[in-house]
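Q: All chains should be modelled from the sequences, with the hints used to inform the complete structure.
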Amino acid sequence: MSQTQVPVIVIGTGLAGYNLVKEFRKQDAETPVLMITADDGCNYSKPMLSTGFTKGKSASELAMADAGKMAEQLNVTIRTNTRVTSIDPETHTIFIGEESIAYDKLVLAWGAEPVAVRIEGDAGEHIFAINDLQDYANFRAELDDKKRVLVMGAGLIGCEYANDLSNGGYEVDVVAPCNQIIPNLLPEPAASAVQHGLEGLGVKFHLGPLVRRVTQTEQGLVADLSNGEQVETDIIISAIGLRPRLDLAVKAGLQVNQGICVDRSLQTSDADIYALGDCAEVDGKVLLYVMPLMASARALAKTLAGQPTDVSYGAMPIMIKTPVVPVVVSPPATEGLWDIERSGVNVKALCRDDAGALLGYALTGTCVADKLALNKELPAILK
Amino acid sequence: MKKWECVVCGWVYDEEEGCPEEGLAPGTAWADVPDDFICPDCGVGKDDFEMVEI
Numbered sequence: 001m002s003q004t005q006v007p008v009i010v011i012g013t014g015l016a017g018y019n020l021v022k023e024f025r026k027q028d029a030e031t032p033v034l035m036i037t038a039d040d041g042c043n044y045s046k047p048m049l050s051t052g053f054t055k056g057k058s059a060s061e062l063a064m065a066d067a068g069k070m071a072e073q074l075n076v077t078i079r080t081n082t083r084v085t086s087i088d089p090e091t092h093t094i095f096i097g098e099e100s101i102a103y104d105k106l107v108l109a110w111g112a113e114p115v116a117v118r119i120e121g122d123a124g125e126h127i128f129a130i131n132d133l134q135d136y137a138n139f140r141a142e143l144d145d146k147k148r149v150l151v152m153g154a155g156l157i158g159c160e161y162a163n164d165l166s167n168g169g170y171e172v173d174v175v176a177p178c179n180q181i182i183p184n185l186l187p188e189p190a191a192s193a194v195q196h197g198l199e200g201l202g203v204k205f206h207l208g209p210l211v212r213r214v215t216q217t218e219q220g221l222v223a224d225l226s227n228g229e230q231v232e233t234d235i236i237i238s239a240i241g242l243r244p245r246l247d248l249a250v251k252a253g254l255q256v257n258q259g260i261c262v263d264r265s266l267q268t269s270d271a272d273i274y275a276l277g278d279c280a281e282v283d284g285k286v287l288l289y290v291m292p293l294m295a296s297a298r299a300l301a302k303t304l305a306g307q308p309t310d311v312s313y314g315a316m317p318i319m320i321k322t323p324v325v326p327v328v329v330s331p332p333a334t335e336g337l338w339d340i341e342r343s344g345v346n347v348k349a350l351c352r353d354d355a356g357a358l359l360g361y362a363l364t365g366t367c368v369a370d371k372l373a374l375n376k377e378l379p380a381i382l383k
Numbered sequence: 384m385k386k387w388e389c390v391v392c393g394w395v396y397d398e399e400e401g402c403p404e405e406g407l408a409p410g411t412a413w414a415d416v417p418d419d420f421i422c423p424d425c426g427v428g429k430d431d432f433e434m435v436e437i
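Chains P and S, in that order, give the protein sequences.
Okay, so the first sequence: first residue is 1 according to my numbering, each after it adds one.
Okay, so the second sequence: first residue is 384 according to my numbering, each after it adds one.
Since the hints were derived computationally from the structure, they do not count as laboratory data.
Treat each hint with caution, since some may be false.
[Claimed, not checked] To spell it out: a stretch of chain S is covered by chain P in this simulated footprint if at least three of its residues, at any positions, have a beta carbon under 8 Å from a beta carbon of chain P; those stretches are: (1) 386–397; (2) 427–434.
[To be verified] Restricting the straight-line Cα-Cα distance to at most 16 Å, the calculated cross-link-like pairs of lysine to aspartate or glutamate (EDC-like) are: (3) P:Lys285 / P:Asp263; (4) P:Lys26 / S:Glu433; (5) P:Lys146 / P:Asp234; (6) P:Lys105 / P:Asp224; (7) P:Lys146 / P:Glu218; (8) P:Lys146 / P:Asp132; (9) S:Lys385 / S:Glu400; (10) S:Lys386 / S:Glu398; (11) P:Lys376 / S:Asp419; (12) P:Lys147 / P:Glu113; (13) S:Lys385 / S:Asp424; (14) S:Lys385 / S:Glu398; (15) P:Lys26 / S:Asp430; (16) S:Lys386 / S:Asp415; (17) P:Lys55 / S:Asp424; (18) P:Lys22 / P:Glu99; (19) P:Lys22 / S:Glu433; (20) P:Lys22 / S:Asp430; (21) P:Lys302 / P:Glu23; (22) P:Lys376 / S:Asp418; (23) S:Lys385 / S:Glu433.
[Claimed, not checked] Residues on chain P that point at chain S, a partial pick, calculated with CB under 10 Å: (24) Tyr289; (25) Met316; (26) Met319; (27) Lys371.
Quick caveat: nothing in here was measured; it's all calculated off a predicted structure.
For each residue, glycine too, the CB sits at the ideal point set by N, CA and C.
A: This is how it looks when you write it as structure tokens:
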């Protein structure tokens with residue numbers, strides 16, 4: 001390896017960045033790699049942030065290795081607490097303020113950010129959107145002497161936090177402007193089974209209204225909902241959704257839509273810039289889940305090592321970590337007919353096309369055991 | 384007997400214990416775990432496991 005060889009630069013050290021480089025090193029032990037992260041570079045698994053209490057882990061225990069250990073393990077240079085400020089595709093250069101660094105290939109693995117929400121009142125600093133380990137640590141520190149948590153949002157993440165915080169002994173209220181929980185993924189009977197399970201833990205759902213205003217009182221916080229209801233609480237989690245980070249890509253002139261547009265080889269509209277994970281829109285699909293990210297990491301590692309490889313996604317069942325009523329769901333990509341069997345909180349919902357082929361499913365409770373058999377029948381998402 | 388860890392979430396498969404909940408009897412070697420096995424905690428596939436030293 002020549003000392004002056006221009007590196008592959010990876011922006012982001014989340015699951016996408018680290019797993020890409022781990023896979024790349026299996027193909028290529030020599031090419032210099034520079035990783036740049038705005039946080040401290042700890043290697044942790046983002047999906048595990050909503051399982052801290054259930055697994056009995058603090059924020060620092062969720063970190064698997066620090067940046068120094070990762071740099072050594074992967075034979076790369078990692079710049080932590082560093083923000084890339086712009087990208088110039090013409091000259092193959094990234095900028096960190098005044099400093100410029102040349103790249104051979106550039107990989108965008110900088111993830112997604114929480115949808116911002118404007119809440120009236122004087123309690124903004126008590127509203128936490130948890131998007132990384134540092135956010136989680138800040139939340140846990142503030143949570144320490146509190147008893148009640150209000151979760152805004154009843155999607156996958158909101159419900160996972162509701163279950164986890166209940167397991168941690170907190171009183172949980174969930175407020176969301178929808179008719180059922182996890183509306184984007186679950187058919188109604190499955191959602192209602194999970195809601196029933198969470199209610200059994202003491203979680204109170206306020207479905208329909210939004211949080212309008214939060215004010216501080218001597219006893220904690222009061223949330224005013226849009227239906228006139230008031231909820232007393234101590235701390236608030238905002239879990240209303242994520243969107244891919246696009247700013248730097250837009251400034252660099254890369255093609256974006258909902259995410260940074262990449263083809264099946266994970267290449268952006270610029271030949272030497274690639275993207276994967278939560279910031280990427282792969283062949284028109286933005287999927288903020290681990291399975292597509294891992295498939296992308298494996299394919300892109302080969303491409304970067306000189307063996308052009310297209311990514312393919314198989315079936316993609318999503319596990320929802322609500323242990324009180326476990327859920328696995330594979331949302332159908334096209335319309336079909338649902339056949340739903342329900343017994344208590346155990347739901348087996350199968351979606352089939354006219355010819356009877358399985359398009360997707362939602363399983364709750366003991367029915368999750370059927371997933372292995374059903375996965376064999378599922379269609380691939382990107383063949 | 385070896386242990387295998389999910390690189391995504393840290394869940395560990397211990398060959399000695401197997402994973403009866405997922406239909407894997409104690410003593411099932413990793414090589415004999417079906418290819419469509421998925422991590423019971425986070426749902427990723429068998430490829431996303433690595434052997435860990437005990």
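Q: Indicate, hint by hint, whether the structure satisfies it.
A: Each hint, compared with the structure:
no.	hint	result
1	386–397	holds (count 4)
2	427–434	holds (count 4)
3	P:Lys285 / P:Asp263	10 Å, holds
4	P:Lys26 / S:Glu433	13 Å, holds
5	P:Lys146 / P:Asp234	6 Å, holds
6	P:Lys105 / P:Asp224	50 Å, violated
7	P:Lys146 / P:Glu218	13 Å, holds
8	P:Lys146 / P:Asp132	21 Å, violated
9	S:Lys385 / S:Glu400	10 Å, holds
10	S:Lys386 / S:Glu398	6 Å, holds
11	P:Lys376 / S:Asp419	8 Å, holds
12	P:Lys147 / P:Glu113	27 Å, violated
13	S:Lys385 / S:Asp424	19 Å, violated
14	S:Lys385 / S:Glu398	6 Å, holds
15	P:Lys26 / S:Asp430	14 Å, holds
16	S:Lys386 / S:Asp415	13 Å, holds
17	P:Lys55 / S:Asp424	11 Å, holds
18	P:Lys22 / P:Glu99	27 Å, violated
19	P:Lys22 / S:Glu433	12 Å, holds
20	P:Lys22 / S:Asp430	13 Å, holds
21	P:Lys302 / P:Glu23	8 Å, holds
22	P:Lys376 / S:Asp418	11 Å, holds
23	S:Lys385 / S:Glu433	11 Å, holds
24	Tyr289	8 Å, holds
25	Met316	9 Å, holds
26	Met319	4 Å, holds
27	Lys371	7 Å, holds
Of the numbered hints stated above, those contradicted by the structure are hints 6, 8, 12, 13 and 18, listed in ascending order.
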